[in-house]
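2 protein chains.
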Amino acid sequence: MQRSTNLNPSKLAMVPFVSVDDMMKIVNTIGAAKIIAEIADYIEADFLRWEKFDKTPRVAAHSKEGVIELMPTSDGETYGFKYVNGHPANMARGFQTVSAFGVLARVDNGYPVLFSEMTILTALRTAATSAVVAKHLAPKKSKTMAMIGNGAQCEFQALAFKEIIGIETVRLYDIDPTATQKAVRNLAQSGLTVIACASAQDAVTGADIITTCTADKQCATILTDNMIGAGVHINAIGGDCPGKTELHKDILLRSDIFVEYPPQTRIEGEIQQLDEDHPVTKLWEVMAGRAAGRTSDRQITLFDSVGFATEDFSALRYIHDQLERTGHFVKLDLLADPDDPRDLFGMVQRAAGPLAGS
Amino acid sequence: MQRSTNLNPSKLAMVPFVSVDDMMKIVNTIGAAKIIAEIADYIEADFLRWEKFDKTPRVAAHSKEGVIELMPTSDGETYGFKYVNGHPANMARGFQTVSAFGVLARVDNGYPVLFSEMTILTALRTAATSAVVAKHLAPKKSKTMAMIGNGAQCEFQALAFKEIIGIETVRLYDIDPTATQKAVRNLAQSGLTVIACASAQDAVTGADIITTCTADKQCATILTDNMIGAGVHINAIGGDCPGKTELHKDILLRSDIFVEYPPQTRIEGEIQQLDEDHPVTKLWEVMAGRAAGRTSDRQITLFDSVGFATEDFSALRYIHDQLERTGHFVKLDLLADPDDPRDLFGMVQRAAGPLAGS
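As given, the protein sequences belong to chains A and B, one line each in that order. Counting from 1 along the first sequence, just add 12 to a position and that's the residue number in this note's numbering. Counting from 1 along the second sequence, just add 12 to a position and that's the residue number in this note's numbering.
Please note: incorrect hints may appear among the correct ones.
Copies of the same chain look alike in the list, so a pair counts if it works inside one copy or between any two.
[Claimed, not checked] SDA-like, lysine to any residue: derived pairs with alpha carbons at most 25 Å apart:
| no. | residue 1 | residue 2 |
| --- | --- | --- |
| 1 | 46 | 358 |
| 2 | 37 | 343 |
| 3 | 343 | 60 |
| 4 | 261 | 50 |
| 5 | 64 | 75 |
| 6 | 67 | 298 |
| 7 | 155 | 72 |
| 8 | 64 | 76 |
| 9 | 23 | 176 |
| 10 | 67 | 338 |
| 11 | 64 | 125 |
| 12 | 37 | 351 |
| 13 | 67 | 291 |
It should be emphasised that the hints constitute simulated quantities derived from the structure, not laboratory data.
Next up, chain A with everything else stripped away, as it sits in the complex (with noise of 0.2 Å):
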């Protein structure tokens, strides 16, 4: 059944393909919100593996209108990367802001095993960590929280804050009306109270968890210092490249601040704008039980939230776990496999049919 003889690709030559319409009908069909509670689950297994990984910064190129990265990691059987861009201006442009896809692979011979979609899974991911982090950090019976910047987050951050922490009410603010009228519709049946604020001052008024997820590439200060009282817990999201920052410098100062891989949030995240020393807890040893999460009422924890090659890899390995559970996916024909792997020429050669010259 191999190409050579027989012009049909063989079984090692397809990987499966999760394309978008896939990725949406796989959410749709298990539910978005237990989807990221299932996610969330495999993050935080692998969170607690965490030294089984080869970690490493993504590899970045930036230019004047945003970012491309590649995000590999391995647990030493599956190899995983993404791709992701961050183009703040593609939003005005009919484009989306944050677009990404991924592959999983088999560490000892190298072949992909998954090319999916990641813009959506990314979402759901992101959603998924930011959920699994409060659970170690915000305040016990956290019931509302406030979030600023309503785009394409949005509503992944409130299913999996309701499903993971029980948080029943989100008080909404954006720049854009427009965008929290969005959020505020595709919330509708979520089961969560849903409150449109007029401003960041008033969305944080009452709330126990501070979400920020805002997308200008440049330093903006979505929250100042006198805003953010004790105990509340700050999810920290839209600050994620050199020169994009979302919080005051002074609300870093007071509070106890977490991170995914400290080298590569040192570089992108809120936390560029402290010393290279300024103290910070790795978010595994949290969970883990190695270091201290949450420990008084008063305190501001604070997830410097930047997302990390792992979460991507858990997120992949998910969808991967899912393929024969749904059945949406198709085969790709990406891996030349010819019945001799030294005979790459004459399988291509044969291709062309029997009557055809060199």
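Assemble the complex: chain A is given as a structure, and chain B must be docked to it using the hints.
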């Protein structure tokens, strides 16, 4: 025509995909020798604008079985990367030693514009690069090439040197005679005189150019010093990762050495055997007339080839330019593209249909 009002993917969502089958059709439509020559022109054109490219050593994940690498680059307008594995033990298990795929994307918005198989394309571009380099370094009127190692790359090299350099005779040797027999068979209608040799020593006799292309992941000595006479050009393909070399160090010390990108070749090439400051010449400078290539009849020139990201970029750029000409591609639904870029969640939700709950 966008996804949120019409469930068919929008044009923006679709990325052209060149499968293995498509790539074979493209090669056979254009002709293997001709396509190598055309890719060679793209490679040389990109070497001539070398300073425009973002360059970085590839990002490698090493394991005991092999390596998986990502090779990104950008010319400021277009971004490209290749995923490629190298697993020397794969062949014995029925897998390709090297398999690959790649992507081109727009720098201004980060959207991919091509996803392509690159196992066959890498073979084409590697051969094209070798021949482009030999144009500048090999003895004038070279007619005979020795080829040590007759694996997957062999016939592509033979065709490239016939088409671009005017080689008339290839002298083949492999430690496995069945590999040589395969190459002899595949080159039967190539127009080349093909001679199967009983030893590497026999193969190099009378050769103007010596191509080494073996795949052991270890320091091997395919060529020893006494086998190399004055005036030859050595095209060393196989030594391309740490701990993997093909030539005796004494040959290197007698040669003028030419490389693609010194920071990568120092890690991966034959010159990993030499001091870190051993002089090497950059190929782009030779092509641009800024550095000397071959300067005497007795000089031994050595292309220490490891393969660089710009060559893959050139090959992808070439294939992208052939899409309309050949029509051999399909479109993949790879990019989520809601009407309102901020309404990713709404797009997923609406895909469930009007009667679905949240």
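We went through each hint and held it up to the structure:
With identical chains, the CA atoms of residue 46 and residue 358 are at most 25 Å apart between copies only, with a shortest distance of 17 Å across copies and 49 Å within one. In this assembly of identical chains, the alpha carbons of residue 37 and residue 343 lie at most 25 Å apart whether taken from the same copy (16 Å) or from different copies (19 Å). For a Cα distance limit of 25 Å, the shortest separation of residue 343 from residue 60 qualifies neither inside one copy, at 32 Å, nor across copies, at 39 Å. Taking the shortest Cα distances, residue 261 and residue 50 never come within 25 Å of each other, neither inside one copy (35 Å) nor across copies (55 Å).
For a Cα distance limit of 25 Å, the shortest separation of residue 64 from residue 75 across copies, 13 Å, qualifies, whereas the shortest one inside one copy, 33 Å, does not. Only within a single protomer do residue 67 and residue 298 lie at most 25 Å apart by alpha-carbon distance; the minimum there is 18 Å, versus 38 Å between protomers. When the C-alpha separation of residue 155 and residue 72 is checked against a cutoff of 25 Å, the pair qualifies neither within a copy, at 38 Å, nor between copies, at 45 Å. Taking the shortest alpha-carbon separations for residue 64 and residue 76, only the inter-copy value of 15 Å comes in at or below 25 Å, while the best intra-copy value is 36 Å.
Taking the shortest Cα distances, residue 23 and residue 176 never come within 25 Å of each other, neither inside one copy (39 Å) nor across copies (36 Å). Proximity of residue 67 to residue 338 under the C-alpha cut-off of 25 Å is found in neither arrangement, the shortest distances being 31 Å within a copy and 41 Å between copies. Proximity of residue 64 and residue 125 under a CA criterion of 25 Å is satisfied intra-copy only: 20 Å inside one chain copy versus 35 Å between copies. Taking identical chains as interchangeable, the C-alpha atoms of residue 37 and residue 351 lie at most 25 Å apart only when they sit on different chains, with a minimum of 19 Å there against 36 Å within one chain.
Taking the shortest Cα distances, residue 67 and residue 291 sit within 25 Å of each other inside one copy (20 Å), while across copies they are farther apart (34 Å).
Violated hints, in rising order: 3, 4, 7, 9, 10; the structure is consistent with all others.
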